[in-house]
Amino acid sequence: MCLIMEVGVGGGGGGGENNDVLVPPTNFSMAEEGIYRSGLPQPDNFGFLRTLNLRSIVYLCPEPYPEENLKFLAANNIRLLQFGIEGKTHRTGCLVGCLRKFQNWCLTAVFEEYQRFAGVKSRSTDLAFIEKFDSVCLRQCLYSLIYHYQGYGSNKRRLLYREENLQKSRVTSR
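Counting with numbering that gives the first Met the number 0, you get residues 0 to 173 for the letters of the sequence shown.
A few of these clues could be false.
[What the hints assert, rightly or not] Here are the computed lysine-lysine pairs in the BS3-like style, where the Cα-Cα straight-line distance is at most 30 Å:
id	residue 1	residue 2
1	Lys131	Lys100
2	Lys120	Lys131
3	Lys87	Lys120
4	Lys100	Lys70
5	Lys87	Lys70
6	Lys87	Lys100
Please keep in mind that the hints were generated in silico from the structure rather than gathered at the bench.
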């Protein structure tokens, strides 16, 4: 399970961890089975996050991850993956929007979900990025990787497929 997050305004209150009440982080929602999205958790969100049995957290901001949150991750054996995407975009919304396109959602539904979570942070440049995201190219790339590394089909087919790709790249580079 994974939690995708970015720094946001507010949190769950920020008043320290309270074990009696489970408070989700700002903008918390399930993006896909086992994958959640949210703003940056505050200490009073830790009890809620503990119930998810997270294995990793994907942090999309360039700012250092808060020390108190790092201690929570260490205590709960959660791995932090930080990608540090610069800019003033709604990073999580863009990432989830691209996921939705990959899942073949209609663009209207993708934009509605983006705007629901982005609120005042909604930007036309983010929507244009999501619209132009090429999910078909990504799908072909993923299929190629799966085919190559998982060994679907015979070795001969896999080697031929690899040689075909090499020949195509030689032809296009001339």
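Check whether the Cα positions of Lys131 and Lys100 lie no farther apart than 30 Å. Between Lys131 and Lys100 the Cα gap is close to 10 Å, so the pair holds against 30 Å.
Starting from Lys87, check that the Cα of Lys120 is at most 30 Å away, please. 9 Å, holds
Decide if the proposed pair is consistent with the structure: Lys100 and Lys70, CA atoms, cutoff 30 Å inclusive. Not OK: Lys100 and Lys70 at ~35 Å, beyond 30 Å, violated.
Given the hinted pair Lys120 and Lys131, is their alpha-carbon gap at most 30 Å? Within the cut-off at roughly 20 Å; holds.
Would the hint linking Lys87 and Lys70 be met if the CA-CA limit is 30 Å? 27 Å, holds
Between Lys87 and Lys100, is the straight-line Cα distance small enough, at 30 Å or below? 22 Å, holds
Against the hints set out earlier in the document, a violation occurs for number 4 only.
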